[in-house]
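Can you build the whole structure from these sequences, using the hints too?
Protein chains: 2
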Amino acid sequence: MTQPEPAAVTETAPPPARTSKPTPLSGFPELLPAERLAELQVLDQLRRVFELHGFAPIETRAAEPLEQLLRKGEVDKEVYLLRRLHAAEEETSELGLHFDLTVPFARYVLENAGKLEFPFRRYQIQKVWRGERPQEGRYREFTQADIDVVARDVLPFHHDVEVARVMAEALSSLPVPALTLQVNNRKLIEGYFRGVGAPDPAAVMRVIDRIDKVPAEVVQTMLVDEAGLSAGQAERCVALARISTPDSSFVEQVRALGVTDELLEEGLAELAAVVDGCAGLNGDRFSVVADLRIARGLDYYTGTVFETRLAGFESLGSICSGGRYDALASDGRTSYPGVGISLGVTRMLVPLFARKKLTASRSVPSAVLVALPDEAGRPASERIAQRLRARGVACEVAASPQKYGKQIRYAERRGIPFVWFPADAEAGDSVRDIRTGEQLPADPDGWLPPAEDLHPQIVRPEL
Amino acid sequence: MTQPEPAAVTETAPPPARTSKPTPLSGFPELLPAERLAELQVLDQLRRVFELHGFAPIETRAAEPLEQLLRKGEVDKEVYLLRRLHAAEEETSELGLHFDLTVPFARYVLENAGKLEFPFRRYQIQKVWRGERPQEGRYREFTQADIDVVARDVLPFHHDVEVARVMAEALSSLPVPALTLQVNNRKLIEGYFRGVGAPDPAAVMRVIDRIDKVPAEVVQTMLVDEAGLSAGQAERCVALARISTPDSSFVEQVRALGVTDELLEEGLAELAAVVDGCAGLNGDRFSVVADLRIARGLDYYTGTVFETRLAGFESLGSICSGGRYDALASDGRTSYPGVGISLGVTRMLVPLFARKKLTASRSVPSAVLVALPDEAGRPASERIAQRLRARGVACEVAASPQKYGKQIRYAERRGIPFVWFPADAEAGDSVRDIRTGEQLPADPDGWLPPAEDLHPQIVRPEL
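Each protein sequence line maps, in turn, to chains G and A.
Residue 22 is where the first sequence starts when you use my numbering, and the numbers rise one by one after that.
Residue 22 is where the second sequence starts when you use my numbering, and the numbers rise one by one after that.
The hints are simulated quantities; they were obtained by calculation from the structure and are not laboratory data.
Be careful, since some hints might not be right.
Because identical chains cannot be distinguished in the list, a pair is counted as satisfied if it fits within a single copy or across any two copies.
Said to hold, decoys possible - The calculated DSBU-like cross-link candidates involving lysine-lysine, where the alpha carbons are at most 30 Å apart (straight line), are:
| # | residue 1 | residue 2 |
| --- | --- | --- |
| 1 | Lys424 | Lys378 |
| 2 | Lys136 | Lys234 |
| 3 | Lys377 | Lys42 |
| 4 | Lys136 | Lys377 |
| 5 | Lys378 | Lys42 |
| 6 | Lys148 | Lys424 |
| 7 | Lys136 | Lys148 |
| 8 | Lys42 | Lys136 |
| 9 | Lys42 | Lys234 |
| 10 | Lys42 | Lys148 |
| 11 | Lys148 | Lys427 |
| 12 | Lys234 | Lys427 |
| 13 | Lys424 | Lys136 |
Shown next, in the form of structure tokens:
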């Protein structure tokens with residue numbers, strides 16, 4: 022023990038002296054414990070589905086070299102720069118916080134290419150930061166949950182179906198309002214615009230991308246003015262964007278428009294495969310649709326594209342998006358194509374918390390409060406608690422030996438459903454469901470709460 | 022759908038064009054998938070124990086106002102400042118990344134005091150950042166796992182026993198080399214130094230705090246020169262620091278030194294209660310000791326103090342530390358006493374990963390690779406995989422219909438223990454344990470792997 026000890030990085034820090042109540046920072050949402058318990062259930066469920074499909078977890082560091090973050094001129098992402106308070110003057114290498122999980126993942130794949138097995142399936146659930154102007158659904162710090170499959174040189178198309186299917190399965194199981202996963206294919210729309218005779222298919226896409234924001238007749242005018250289409254061509258392009266089907270019947274609707282093109286055919290087949298691959302998951306609370314409006318920005322994507330709407334929260338825009346890119350990363354010699362999709366967890370959940378549409382049934386994990394007859398009885402109450410914990414029942418012992426009525430109210434305020442009364446001279450151990458008042462004899466080595474009370478439950482007040 | 026859509030914060034970002042292999046950033050450790058699977062098992066286990074004891078999860082934002090982070094003149098913490106790349110010139114409010122979880126927790130308690138139930142037990146597992154010079158066990162980005170109990174006005178002593186017990190239970194279950202939780206009590210040592218007649222007990226503590234770093238005779242000299250003790254007093258102070266017992270027998274050893282003081286008695290009783298409260302957990306791989314050297318810095322702590330050593334990694338210093346503070350937070354009218362302990366997860370695990378002493382049995386969650394006879398068979402193989410997943414078996418379908426020998430090697434490279442062969446014209450479904458070569462008929466609606474193969478297992482090569 023004579024080695025020099027480094028500064029104690031795990032030290033619990035000094036208490037800050039405060040004289041006034043602190044206020045929230047706009048854009049940096051924080052949750053109360055019951056909300057965090059609900060969020061954790063959502064994150065656990067995402068992780069469970071991703072892992073069932075063989076996606077491996079990774080985390081990347083929060084900081085990347087600034088030139089890496091700005092490589093594509095993405096200054097509009099409002100990167101946060103990092104600087105050490107005591108940085109030496111000559112310290113020049115600038116770091117920024119990552120604004121998504123894709124740029125760091127691409128860097129991780131290149132850095133570790135020799136140690137990874139391809140195709141590499143990974144999920145990644147982490148905070149990201151953007152210095153945007155805060156508003157509902159747009160935060161400066163937020164959690165994303167991404168899945169991607171990346172390969173070396175060639176990534177077969179069936180992985181597009183796979184990531185759609187995995188995210189669809191995850192989304193369909195979440196305790197949120199109805200979700201619609203909208204799928205399209207860039208080959209389909211580009212091929213169609215080409216088949217229509219558009220001189221610049223990319224210009225058509227840029228206009229069509231605005232179809233939700235401006236009236237149809239304005240779109241038609243813009244297609245003529247900005248994309249060089251005839252009125253007839255413009256009409257046929259708008260007709261394509263109107264197609265939306267919950268199955269592969271869009272293929273017949275597109276064919277009925279009478280446009281032929283090789284790339285269009287490839288896109289139709291791919292999109293049909295994705296929609297059919299997810300078909301079994303359609304229901305009241307979740308649906309997958311082929312939606313031929315979706316263009317997903319202008320660059321990068323080369324095939325399948327995804328967006329997702331949350332019913333009643335359409336103004337949030339897409340809360341889960343992604344697609345296929347032919348070069349997720351490249352080191353100059355080898356390129357790494359990928360397909361992925363990214364769920365904005367904070368973007369989806371925080372508006373639900375704010376509108377009291379989602380929470381947990383209690384603010385603590387405890388299913389049981391073990392009552393305390395007097396302070397001398399603490400070891401006995403603690404032994405009961407340990408016997409319950411040994412069988413997976415979360416519990417806590419009352420903080421002080423108040424009258425039992427007060428201890429019951431202590432449990433009530435936290436939403437703890439059961440209070441355990443230790444044996445005394447007159448009676449054996451008993452447990453009371455404080456919601457019904459029913460109290461029954463119980464054995465700490467045998468009693469279990471009903472399965473639905475074992476862990477905090479998701480509560481969805483429909484206001 | 023005519024509302025303005027905010028920038029799509031969930032968008033999967035553009036692929037960065039790269040021309041060279043990126044290199045790691047010193048101090049920002051990243052894990053390979055198998056290591057991350059092992060880390061997740063550790064984090065899951067910590068969470069499980071914390072929740073069984075009723076600790077509620079919270080997360081706090083990564084950023085705090087700089088004046089909050091520097092409130093105690095903690096400039097040595099090497100805070101990272103945040104600045105938006107496009108910050109307006111007049112933007113003056115400075116933010117920094119939190120360097121621990123205690124300062125943000127204190128702020129969270131004050132900010133939400135009206136919405137929390139006290140005593141409030143919370144756990145918090147998050148990244149923190151410090152711009153320190155990187156070395157083994159000292160990182161610029163690392164994960165901490167904290168538990169604290171905080172009350173309004175008064176926090177009974179039994180919570181000191183509680184947090185010690187909960188962290189001891191968590192630590193004793195981790196797949197790491199032997200851990201020793203060292204406990205002491207500031208009342209005990211301060212009372213003893215006072216009883217010895219030290220004119221400045223704090224000065225004695227400052228010297229004794231260095232007892233692991235300098236020879237005993239130097240400590241004695243320093244106690245005389247810097248703390249104003251006589252040679253006899255110095256000897257008695259060093260004698261106290263030499264006491265270390267795995268139970269409450271330290272009480273008799275201290276009494277044998279013949280020092281009496283009221284505060285000393287209070288400290289002896291408290292420390293004995295903490296050590297006795299954890300006694301049942303002592304074993305080969307984990308022990309709790311009363312160690313009367315531990316002073317835990319100079320300020321803040323007012324009673325119980327904790328440190329923790331990892332066998333074979335003593336040069337890391339304490340990897341899990343904390344204690345009791347009479348004012349975790351205060352708003353001027355109300356003060357919030359607390360007791361807590363903080364585990365340096367990255368600090369503990371990354372040296373183990375680096376020395377190949379800890380990993381997982383495979384690099385993917387998948388227990389089964391479902392083989393693919395040909396591309397046309399993909400839907401059938403996918404249906405088998407879905408039936409296995411429905412019963413909780415993580416699996417993946419082979420990426421391409423290579424010869425079965427190649428598909429088996431695909432599984433081998435990832436550590437997947439089983440390969441499933443779909444029925445064909447000649448035989449029904451069968452599954453092969455590729456470690457033994459044993460292959461048996463199997464039903465996708467009934468077969469389960471042995472429990473130990475269901476999830477990746479922790480592997481601890483003893484090099």
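Results for each hint:
In this assembly of identical chains, the alpha carbons of Lys424 and Lys378 never lie at most 30 Å apart, being 35 Å within a copy and 52 Å across copies at closest. Taking the shortest Cα distances, Lys136 and Lys234 never come within 30 Å of each other, neither inside one copy (46 Å) nor across copies (40 Å). For a Cα distance limit of 30 Å, the shortest separation of Lys377 from Lys42 inside one copy, 24 Å, qualifies, whereas the shortest one across copies, 47 Å, does not. Taking the shortest alpha-carbon separations for Lys136 and Lys377, only the inter-copy value of 15 Å comes in at or below 30 Å, while the best intra-copy value is 46 Å.
When the C-alpha separation of Lys378 and Lys42 is checked against a cutoff of 30 Å, the pair qualifies only within one copy, where the shortest distance is 28 Å, while the shortest distance between copies is 47 Å. Taking the shortest alpha-carbon separations for Lys148 and Lys424, neither the intra-copy value of 45 Å nor the inter-copy value of 42 Å comes in at or below 30 Å. Within a single copy, Lys136 and Lys148 get their C-alpha atoms as close as 25 Å, and across copies as close as 25 Å, so both meet the 30 Å cut-off. With identical chains, the CA atoms of Lys42 and Lys136 are at most 30 Å apart between copies only, with a shortest distance of 13 Å across copies and 50 Å within one.
For the homomeric pair Lys42 and Lys234, neither the shortest alpha-carbon distance inside one copy (42 Å) nor that between copies (42 Å) is at most 30 Å. Taking the shortest alpha-carbon separations for Lys42 and Lys148, both the intra-copy value of 26 Å and the inter-copy value of 25 Å come in at or below 30 Å. For a Cα distance limit of 30 Å, the shortest separation of Lys148 from Lys427 qualifies neither inside one copy, at 40 Å, nor across copies, at 38 Å. Taking CA atoms no more than 30 Å apart as the test, Lys234 paired with Lys427 passes in neither setting, with 57 Å inside one copy and 51 Å between copies.
Proximity of Lys424 and Lys136 under a CA criterion of 30 Å is satisfied inter-copy only: 24 Å between copies versus 62 Å inside one chain copy.
Checked against the numbered hints listed earlier, the structure breaks hints 1, 2, 6, 9, 11 and 12; every other hint is satisfied.
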